[in-house]
Structure formats: structure tokens, C-alpha cells
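Okay, here's what each chain looks like letter by letter:
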Amino acid sequence: MPHDDHDHPHALLPPEPALRVKALETILTRKGLIDPAALDEIIDTYQNKIGPQNGAHVVAKAWSDPAFKAALLEDATSVVAELGYYGRQGEHLVVVENTPEQHNMVVCTLCSCYPWPLLGIPPGWYKSDAYRARAVREPRKVLAEFSVTLPETTTVRVWDSTAEIRYLILPMRPAGSEGMSEDELAVLVTRDSMIGTGLPKVPA
Amino acid sequence: MTRVHDMGGRFGDGPVNPEPQDAPVFAEDWHARALAVTLASGFLGQWNIDVSRHAREKLSPTDYTRFSYYEKWISGLADLLVDRGVLTLDDLGEAGGESAHPLAERALKAEAVANALAKGGPADRPSNVAVRFEAGQAVRTLRSTANRLVDGGHTRLPIYAAGANGRILRLHGTHVLPDSNAHGLGEAPEPLYAVVFPASELWANPENPADEVVLDLWQSYLEPA
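Going down the list, the protein sequences come from chains A and B. So the first sequence is numbered by this note's numbering: it starts at 1 and just counts up by one. So the second sequence is numbered by this note's numbering: it starts at 1 and just counts up by one.
None of these hints come from the bench; they were simulated from the model. Hints may be right or wrong, so weigh each one.
[What the hints assert, rightly or not] Just so you have them, the derived chain A footprint on chain B, three or more residues with Cβ under 8 Å:
(1) 152-163
(2) 186-196
[Claimed, not checked] Derived lysine-lysine pairs resembling DSS-like cross-links, with alpha carbons at most 27 Å apart:
(3) B:K109 - A:K69
(4) A:K69 - A:K201
(5) A:K61 - B:K119
(6) B:K119 - A:K141
(7) B:K109 - B:K119
(8) A:K127 - B:K119
(9) B:K119 - A:K49
(10) B:K109 - A:K22
(11) A:K69 - A:K49
[Stated by the list, open to error] If you want the ones that stay clear, here's a sample from chain B, every Cβ over 10 Å from chain A, calculated:
(12) S68
(13) N128
(14) V129
(15) A130
(16) F133
(17) E134
(18) G136
(19) L142
(20) A146
(21) S220
Glycine residues also receive a C-beta, built at the ideal position from the N, C-alpha and C atoms.
All chains should be modelled from the sequences, with the hints used to inform the complete structure.
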């Protein structure tokens with residue numbers, strides 16, 4: 001069954017990307033197939049409501065509460081859903097823990113899979129050819145481009161998201177954060193530290 | 001063989017240039033519209049996530065390479081809308097009118113967005129395929145990555161991990177098989193595993209032989225090692 005012998009319908013739309021999007025939105029709207037107000041709502045959701053603050057909440061809670069952390073590492077999907085974080089591109093969640101012995105980082109070499117309910121829409125670099133191509137083969141060089149250098153004694157485990165499982169990294173709690181509240185800890189948790197390309201902030 | 005999107009391990013892409021962590025979620029307004037149009041169109045119910053991934057992968061290598069991320073989305077969407085008969089070539093060419101569309105009653109309404117996104121679309125299903133491997137077991141991936149059901153079809157075994165020896169890390173349950181689901185051949189759920197591979201098994205010159213790569217792989221991609 002050949003799959004490549006069709007015309008490419010997209011070539012009928014304007015080539016300039018912003019105009020191409022606008023044209024398709026207009027065509028679909030005229031036919032009643034999409035509602036521009038629904039588009040605004042989708043954009044508002046991912047621009048303002050769902051983002052890395054969700055993941056930071058989970059990480060800070062895991063740093064503060066050993067029972068929560070144990071449950072999170074055992075069955076992240078249901079534990080995180082109880083906090084209200086579930087939905088599209090987060091239906092099957094696994095949390096993996098960084099340790100002095102092992103650093104974890106996440107990539108999707110085939111497309112751009114990413115845990116939306118916890119981190120929102122992935123940043124441009126996560127979807128870039130350079131990251132997708134290189135993270136699996138030379139993670140340490142990639143980490144250096146994020147100004148992260150690991151000791152040689154720390155192994156790197158790269159998780160390539162090839163199925164519908166979404167991965168969130170639980171970074172190591174930074175030194176000097178003893179006694180901080182969950183809310184204070186959440187401020188230390190960066191987005192990149194939950195992808196594994198960064199480390200949490202160190203308290204001032 | 002594989003397609004242009006299967007780029008894990010490739011040389012020549014240059015440095016990753018991370019934008020600041022507080023950069024806007026959407027660098028351009030049209031990026032946001034492209035994402036929203038794609039999601040909203042998906043709720044018309046004419047395809048599944050595997051079909052939509054395959055639509056982007058089916059872009060010609062020339063288009064895939066020159067298109068930016070959201071250009072791939074919008075172009076893959078246009079192709080898919082025509083492939084599924086939702087739109088005609090005349091519609092895309094602006095010859096289409098404002099006539100009511102039979103699918104219009106399915107259009108996602110603003111008030112339904114929050115629930116629709118929160119509901120998600122789980123990929124685990126009951127399966128009668130017996131679980132063949134257990135955690136710790138040595139396995140090998142099929143030597144050539146390919147869709148075994150449809151020549152040139154969608155598959156999720158990257159070429160860099162084909163023919164590689166690894167070890168089962170965990171069973172995720174039984175999940176929809178993309179190779180089947182992307183082509184209207186049914187969900188065909190089967191066991192899905194996290195499989196860990198030593199970097200030295202995948203790369204001629206690993207940065208550190210103790211490093212590892214984990215992939216989520218369906219049982220039919222694996223054989224006992």
C-alpha cells in the first residue's frame with residue numbers, strides 16, 4: 001500500500017507559515033468545523049493555566065513528604081491526578097529520580113512527546129532537530145550547552161519517549177534548602193530540571 | 001527502513017540553543033493558532049494520535065526538513081483533512097464555499113475545551129496478548145525498524161535502536177500498537193515495556209560506556225536475546 005504517491009494538499013495553502021495557519025483556520029471556521037472562541041480557550045489554557053508550575057508543585061511536595069515521594073515513584077499517574085494534574089499528553093506518567101549515581105534526562109527523538117499537564121507545551125529547543133538528534137548519543141555534550149556538567153562517576157540515563165508514557169524527572173533537592181517550606185522549594189524547581197537538562201536553583 | 005523524522009543519533013545538527021526558561025510559551029502568535037487549530041480539528045473525531053503523527057512523518061523529506069515545527073503541524077493537518085475527506089482540494093484552494101459541513105455539529109465549543117483537554121486519551125487497553133518478558137530479562141530489538149503491517153507505515157522503533165541488545169526495565173501494561181492504529185487496522189493492544197540499552201550497544205563512541213538509553217517498546221518489536 002503506497003503512501004507517498006498522493007499530491008501534497010498543503011501546497012495549495014499560502015506558503016508563508018502565518019498565512020498558511022490563518023487560511024486553514026478561516027476555511028475550517030467558515031464550514032463550522034472549528035470555533036475561534038474554542039481556539040482562544042485552548043491557547044489560554046496552555047499560555048496561562050497549565051505549565052511548569054504544576055510540575056514544580058509535584059517536585060516540591062516530593063522533596064517535603066517522603067510518603068508522597070514513595071507513592072509518586074511507584075504510581076505517578078494516579079498520585080499526580082489526585083493533585084489535579086491529568087489530561088492530554090499526561091495520561092500515563094512515570095517519575096524518575098536523579099541520584100548522585102544516576103542523572104536522568106528526557107527526549108523524544110521521533111516527535112515531541114512531553115508531559116503537558118505538568119510542564120505545559122515544550123520549549124522550542126526540546127522540539128529542535130539538534131536536541132532530538134543528539135540527546136541520545138551525546139547527552140553530556142548537550143548538557144554542557146545547558147551549562148550542566150556532571151561528575152564522571154554519575155551515569156546518564158536518557159529516556160526516549162517512544163510511546164504514550166510521559167516522563168518527569170525528580171531532581172535532587174539542592175543543598176541549603178533544609179527547612180524550606182513546600183512553596184519556597186517550588187520556586188527552586190526549574191522547568192529544565194524536570195526535563196533533566198538543568199538543575200534546580202540553589203537557595204541564595 | 002525509516003523516515004526523515006527518525007533522527008536520533010544523527011550527526012551534523014550543531015548546538016542546541018536553549019531559549020531562556022521564561023521565554024513565551026509561543027514564540028509567535030501563529031504558533032499558538034497552529035497548535036489550537038490542530039487540537040480543535042482532532043476533536044472532530046476523524047483520526048487518532050497515531051494517524052496524526054504519521055501525517056507529519058509523511059511530509060516529504062524536503063518539506064519535513066525545511067518546515068519549522070508548527071509548519072509541520074499545520075501542513076500535516078491540511079493533508080490529513082483532505083485524506084479523511086473532511087475538506088476537498090477545492091476547499092483548500094479557496095474555491096470552497098460556506099456550505100454547512102456534516103461534521104459541524106461535532107465542532108469543539110469554547111465551553112467544552114477545559115473538559116476535553118482534562119479528559120485526555122489514555123492508550124492502555126485490555127489485551128489478550130500474553131506478556132512474554134519480565135523485568136531484568138535480556139531482549140533484542142528487531143534488526144530492521146519497519147512497520148510489519150504496512151510497507152512504509154508508522155512505527156515507533158527508532159533506527160538507532162534497531163538490532164540492539166537491552167534489558168527489560170519494567171512492563172507499562174498493554175497499550176495500543178501505533179503500527180496498527182495509525183493505519184485503520186485496529187488498536188491491537190499488546191504489552192509495552194521500558195527497555196534499557198547500554199550506550200555502548202547503540203553508539204560506536206559512547207561518551208561514557210556506563211551511560212544508558214531507555215526506550216518504550218512494544219512486545220512485537222522485541223525478541224529474546
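Going through the hints against the structure:
1. 152-163: holds (count 7)
2. 186-196: As far as the segment 186-196 of chain B goes, the hint holds, because 3 residues have Cβ atoms under 8 Å from chain A.
3. B:K109 - A:K69: violated, 38 Å
4. A:K69 - A:K201: Holds, at roughly 20 Å.
5. A:K61 - B:K119: Holds, at about 24 Å.
6. B:K119 - A:K141: violated, 38 Å
7. B:K109 - B:K119: holds, 15 Å
8. A:K127 - B:K119: It holds: about 25 Å lies between the C-alpha atoms, which stays within 27 Å.
9. B:K119 - A:K49: holds, 16 Å
10. B:K109 - A:K22: Distance ~19 Å between B:K109 and A:K22 Cα, so the pair holds.
11. A:K69 - A:K49: holds, 24 Å
12. S68: violated, 7 Å
13. N128: holds, 20 Å
14. V129: Answer for B:V129: holds, closest chain A Cβ roughly 15 Å.
15. A130: Label holds. Min Cβ-Cβ 19 Å, cutoff 10 Å.
16. F133: For B:F133, whose nearest Cβ neighbour in chain A is about 15 Å away, the distance exceeds 10 Å, so it holds.
17. E134: holds, 18 Å
18. G136: holds, 16 Å
19. L142: Given a closest Cβ separation of 14 Å, the condition holds.
20. A146: Consistent with the label, B:A146 stays out of reach of chain A, its closest Cβ about 13 Å off (over 10 Å).
21. S220: holds, 13 Å
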